[in-house]
Amino acid sequence: MTTSPPVAPPTPDQVLARARALRRQLSGGFREEAVKSLYAEAERVAKRAVSHDGNTRALDLDQRVDHLVTSPWFGLPIMLVLLAVVFWLTIAGANVPSAMLAQALFWFEDQAAGAFDAVGVPWWITGFLWHGVYRGLAWVVSVMLPPMAIFFPLFTIFEDLGYLPRVAFNLDFLFRRAGAHGKQALTMAMGFGCNAAGVIATRIIDSPRERLVAILTNNFVPCNGRFPTLIMLGTIFVGASFAPAFASIAAAAAVVGVVVLGIIFTLLMSWLLSRTILRGEASAFTLELPPYRRPNIGRIFYTSLIDRTLFVLWRAMWTAAPAGAAIWLLANIYWGDMSLAAITAAWLDPLGRAIGLDGIILLAYVIAIPANEIVVPTLVMAYMGAGMMTEMEGLDDLRRLLVDQQGWTLLTAVNLMLFSLLHNPCATTIVTIYKETLSAKWATVGALLPLGTAFLVCFLTATVARAFGWGV
Amino acid sequence: MSGHDCEACPVASELAPMGMEVGGIDRVIALAGNPNTGKSTLFNALTGLRQHTGNWPGKTVTRAEGGFAYDHVRYKIVDLPGTYSLLSASQDEEVARDFILFGQPHAVIVVTDAGALERNLNLALQVLEITDRVVVAVNLMDEARRKGITVDARSLARDLGVPVIPIVARTGEGLHALLTAVAGVSSGEVQTSPLRVTGTPEFEHAVHELMTQIEAAAPGVPNSRWLAIRLLDGDARVEDALRTGELAQLVSRQQQRDVRFSSQIALQGAQ
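Protein chains in written order, with my numbering: chain Z, 1 to 472; chain B, 1 to 271.
Chain Z extracted, bound-state conformation (with noise of 0.2 Å):
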């Protein structure tokens, strides 16, 4: 080499101006020259030391299996039915626990509560810690648990084994003429699972731009905080309504529906924002299609229970009990001769019937803000905090609640579920966005952008409805 050593070290500044000038005297190409060498080297290597035999019998099934399951004709139906098997064995699996564990619960309720009374403790007391935050919590592990312990481990199970890039593969086109990356199928289906969890899933999409709306749109797909008020709301309003024999059929088709409805959303808005605010071509990218591979069962069970079960669940407790306390002051506090309950619930009335909803469902959307999962246990607790109702004891109790005292119909069920399906993120989710786009723009337009979709869907709904007379 002919350069000699400066007396006096290079500043950066100059070490950078040197490396400017180097660039400019080498020829055009030498960036791919350097990529092309590397791969020639790599290809080099590989072929001295892999060899093949005859033997590719499990390459071929593995081939079979994904000529089946991404096809274009076979790959979505097959999508589909999978993702109904999953939700019936859910909705079909979590009916009796759920009920029993609530007969449970609740019946613990009452024994503390009487031998809080018996010994003479005061009744806002006994009222706070057991119709306030014990009932919260109970509500919270009845409804949550059972479907959890069910959905988590299949899952997890999918997931292990190999099926959840094939679902980004037959989901590609779709994204692409959305303007969105490919892989955001892949972040779309972790916000099944958390829609916190999708989003920082986001990281693996490289241009900004096709990331920005992945994470605005992830909320678009239920999360698992959100399956167990869908689930409800499918059993009770759609699956009663089928002869007992077709009713967890039916309440799964209609899970599936509000699922296919949230992944068109997610579509239609990456859409929008690719058109709009966030201009741009969707990138090239390649997918991987990694083997299939044997799930460990050990393996599933500790990660969709402890991991994913118990971790959400722990975190719906934390913010379940702090909400029966707070649903719980503000049907026990009394402004004249109303509890602040119901003045608020009263004030957002005419907001909710707009919406084909009501009051209470939206204080308990507001109470809820911090986590979706206690959406349904504050909403009846709303409820029977007027002192309307006294026992509850599953779901059959609830439609006799919502439906024969309240006054819900079909369109209130149907709302709930669009609403509940497309409106603002938890906390979580938002502070997430926050911290993965160091944003506070992004987060707020995060919030506010499936709010606004909630608030103008559920109106078109209710007005169309209501237009032609369905379900006043």
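No lab work stands behind these hints: they were computed from the structure. This structure is a prediction, so every number in the text was calculated from the model and none was measured. Ideal Cβ placement from N, Cα and C applies to all residues, glycine included. A portion of the hints provided could be inaccurate.
What the hints assert, rightly or not - Quick list of simulated restraints, FRET-style, between CB atoms:
(1) B:Arg154 - Z:Gly257: 53 to 61 Å
(2) Z:Asp13 - B:Gly188: 33 to 41 Å
(3) B:Asp71 - Z:Arg177: 54 to 62 Å
(4) B:Pro201 - Z:Pro208: 33 to 41 Å
(5) Z:Ala40 - B:Arg154: 54 to 62 Å
(6) Z:Trp442 - B:Asp26: 37 to 45 Å
(7) B:Thr171 - Z:Ala112: 46 to 54 Å
(8) Z:Asp60 - B:Thr171: 21 to 29 Å
Since the structure of chain Z is already known, use the hints to place chain B on it.
Coordinates of chain B only, in the frame set by chain Z:
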């Protein structure tokens, strides 16, 4: 006894998983590799942790950390996001590259898929450009065998100039040999001579000139060749590191071998 020939020995005889207990660490090991090659499975096998291992590319987007002890040496192991290359600017690639360069691990295990070795070697070669303390683990040997693929580890080791160990992370096959190689490379007892891809004469000339400049500006910096190539390429991250003095700090850090870490990062990887 601990030798490569003892394939059947239970690894547990010398391997002590330490979970997230990463206090009093002697050495730091990084796990790099393409997506879906079983890095997280290997991570779990070594640490006894249960980092979720999904069968889809891109599962690990943050770094997960854990600890294990082998042969009385305590290791911290960092599971990096799976990437196909270290050249582009997506966030997971940057996490991986930054850690290999700025985290200064004592050794990097590049986990490769025996069934897709050629593509996997692209990344291995890129890691070899950054550091010579590398052990290549050829994982998923069972799947490869099922597909009728055989991998000659010795030929690979000769060509790459670093230890190459065939393993099946899921069953623990080959972990013993892998850990022995990691112990040797991370302590510096095993000297490697990594394969480095050379370019055209004019390119090499430019690289050498820039290397001299970098070494003068930040004496003792590790791998000035790689830095020179990155600067020629116009890599913004490396340019920033030079401008802000991060590279100079690397030197002093390497001298002190002061390794700090936070167990918080391990928690981030837990979901």
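Against the structure, the hints:
| no. | hint | result |
| --- | --- | --- |
| 1 | B:Arg154 - Z:Gly257: 53 to 61 Å | 58 Å, holds |
| 2 | Z:Asp13 - B:Gly188: 33 to 41 Å | 35 Å, holds |
| 3 | B:Asp71 - Z:Arg177: 54 to 62 Å | 56 Å, holds |
| 4 | B:Pro201 - Z:Pro208: 33 to 41 Å | 38 Å, holds |
| 5 | Z:Ala40 - B:Arg154: 54 to 62 Å | 22 Å, violated |
| 6 | Z:Trp442 - B:Asp26: 37 to 45 Å | 43 Å, holds |
| 7 | B:Thr171 - Z:Ala112: 46 to 54 Å | 50 Å, holds |
| 8 | Z:Asp60 - B:Thr171: 21 to 29 Å | 24 Å, holds |
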